[in-house]
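Residue numbers (the working numbering), protein chains in the order written: chain A, 9 to 274; chain B, 9 to 274; chain C, 9 to 274.
Hints were generated in silico from the structure; no laboratory data involved.
Predicted model, so just to flag it, every value in this text is computed and none were measured.
Some hints here could point you the wrong way.
Remember, identical chains collapse to one label, so a pair may be satisfied in a single copy or spanning two.
[Unchecked claim] List of simulated lysine-lysine pairs, BS3-like, C-alpha gap at most 25 Å:
hint	residue 1	residue 2
1	76	40
2	129	228
3	263	185
4	212	76
5	76	155
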Amino acid sequence: MVKEMDRGIITLITDFGTRDGYVGTMKGVILKINPLVRLVDITHEVSPQDIFEAGFILKNSYRYFPDKSIHLVVVDPGVGSKRRAILVEAGNHFFIGPDNGVFSFVYKSERIEKIVELTNKRYFLPYISNTFHGRDIFAPAAAYLSKGTPFEDFGGTCNDVVRFDIPEPETERGIIKGVVLHVDRFGNLISNISEVLFRDLARKGMCEISVGGEVLGDIKSSYSEVKEKQVLALFGSSGYLEIAVRGQNASKKLKMNKGSEIKVIY
Amino acid sequence: MVKEMDRGIITLITDFGTRDGYVGTMKGVILKINPLVRLVDITHEVSPQDIFEAGFILKNSYRYFPDKSIHLVVVDPGVGSKRRAILVEAGNHFFIGPDNGVFSFVYKSERIEKIVELTNKRYFLPYISNTFHGRDIFAPAAAYLSKGTPFEDFGGTCNDVVRFDIPEPETERGIIKGVVLHVDRFGNLISNISEVLFRDLARKGMCEISVGGEVLGDIKSSYSEVKEKQVLALFGSSGYLEIAVRGQNASKKLKMNKGSEIKVIY
Amino acid sequence: MVKEMDRGIITLITDFGTRDGYVGTMKGVILKINPLVRLVDITHEVSPQDIFEAGFILKNSYRYFPDKSIHLVVVDPGVGSKRRAILVEAGNHFFIGPDNGVFSFVYKSERIEKIVELTNKRYFLPYISNTFHGRDIFAPAAAYLSKGTPFEDFGGTCNDVVRFDIPEPETERGIIKGVVLHVDRFGNLISNISEVLFRDLARKGMCEISVGGEVLGDIKSSYSEVKEKQVLALFGSSGYLEIAVRGQNASKKLKMNKGSEIKVIY
């Protein structure tokens, strides 16, 4: 009989690319354990070993999935070393991956319910390689969890997880100084300045934006408010200030990248 | 109880790429509304904002899906502007996307049953961004439709949809002049000259093809009829005349691209 | 009523890329025949027409899928010619694709149970193109097989299948000479020297590795045993000797590629 739980969702974020079959292999491992689980790719194009980028993409997507979804994140430069493998429950979602900071954005915005270290070999593949824990440890853990294996069975509780620094905007009277956290496929520059912070400080909503030597007179509400090839600032779909160029690549045009500064003068 | 309808299919065509998690987020939204629906990626590599390309890829794929499939197409340069969001029923399939012409090929080849503008906010996400209607409007609409929400509930009927021009081949006695509509990943040049038109005009089936300064003596029926690196013309899998180079990239070799002319002299 | 068999798995390996909708179309064909089957992409980024690469990726992934999975491999430079279309049962898995050697690794490592040539047009699409048998012949065959169509219904048995040469390491006293079989997305160089062979010959486990003008003192067991940017040799997740550079692309750094020599002196 099909239990409802078996129909759970596992999402996947990796830096494996889609060329070599690594992701397909992980899916095979999962489906061998739970043939009914739903698999959803978030991305496999994380820049190799870029933990921050993986964390950022996870942050923008996981909340849109049903409660109890399992988010498998394998960006794992320390594979084969002593870094821990963990399973986290937070915000009514589950997260599985290496304990290298990749869940830092989750730790910041959600109440953490439980963290367990994956040590119970019963839920590993029989042979553990030193280079592909995605296949040998993380995928089986996600599959067993999706089948209802109790959290505690996977290993002992741990508290002192690894977190990376998430750059916060600096504010002084009349100025918010932020940085670009992510450049998306369209070349849009996504900053760490949230709409909530801006509305809170700049009560009148009026401002100037200073980016890459250009000064923008205002925050627009959609691309269509400017002409083709014109630079604009707007609050993007993730709720953060973005710099874009209508119909073009802002990162290339403004020669800005991850870490570049964005100043809002209000 | 599982209703048969809940097991429907939603296909996805976007220009979002697969790097940033945008598509995964849309899938999360859909599965939160209908956990049983099947999701099938057609492509997310449409050239940014290329409505024509998206329409062309849709045209070549939708008919192969089961009746009642829902085809979600989000190539949406006008997102956040006044362009409408629509739901179309035609040829026993459903189409959801911006009203920017992306369904022009469908309008041309199918009897349109109904077109509705997506205006009922009950079927939107609670917060609507100005830059990501794929997530906030189109994905929920597709999910609710797959669950059996009646067509009329999404909004009012509309008739005057946007269509782009689909270049038709010009014919004069003994000559068919077509253009390249699409260049695929292999560099094959797919024209707008259909096998049906050719057979109709060139009754004997004999002809010469003039492309990019080369003259080809005949239309072949498979790649294997010519030697490696040789140019050939054949009717491709979509039923249209294609120019290919065996084992090579025809677009690069012949320096031809979308819009390039192909002449058939019969 | 849902039969268990209808819930089977079809994996896909092609060189179609993900830009043009070819793979989506194949999935439409499959779901029209068997709406309940699970579809799993292994890769669609095989280098155009690279049969060896497709075979290598298949070899590393198929065993991780449940028994009775159907592996559809469409890398098919001879499409439209006289090359046969086949269905193979081996190692409790099914394989469908062109008879061009793409299953050579499977033939080498599994007992072949049955091979059938796909000739029964009842299981083709009604119209067969000369360029896209993935859609017209292979996808329907996989779908019908997943629904329980008996093996023998697809066509007659065949024995003399096409195989390509799989380069074997050469061994002489104290030396194993292998070659690079595959370069993955990270630039890791995967050789044909298996851990089993090495352990068998180099009983003490000590050795030197000579690659691309460099000599490595030992085989490591994980990336973390060397410093960033340092070259290392280790047995990778597929059980074969790999050359990697921690945090970098070994193929680029060492200017080595598919076919490059790797020497183990023990």
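Here is what the structure says about each hint:
For the homomeric pair residue 76 and residue 40, the shortest alpha-carbon distances inside one copy (21 Å) and between copies (11 Å) are both at most 25 Å. When the C-alpha separation of residue 129 and residue 228 is checked against a cutoff of 25 Å, the pair qualifies only between copies, where the shortest distance is 23 Å, while the shortest distance within a copy is 54 Å. Taking CA atoms no more than 25 Å apart as the test, residue 263 paired with residue 185 passes inside one copy only; the shortest distance there is 18 Å, against 44 Å between copies. Taking the closest pair of Cα atoms, residue 212 and residue 76 never come within 25 Å of each other, the shortest separation being 40 Å inside a single copy and 49 Å across copies.
When the C-alpha separation of residue 76 and residue 155 is checked against a cutoff of 25 Å, the pair qualifies both within a copy, at 12 Å, and between copies, at 21 Å.
Figure legend: structure checked against the earlier numbered hints; the only hint not met is number 4.
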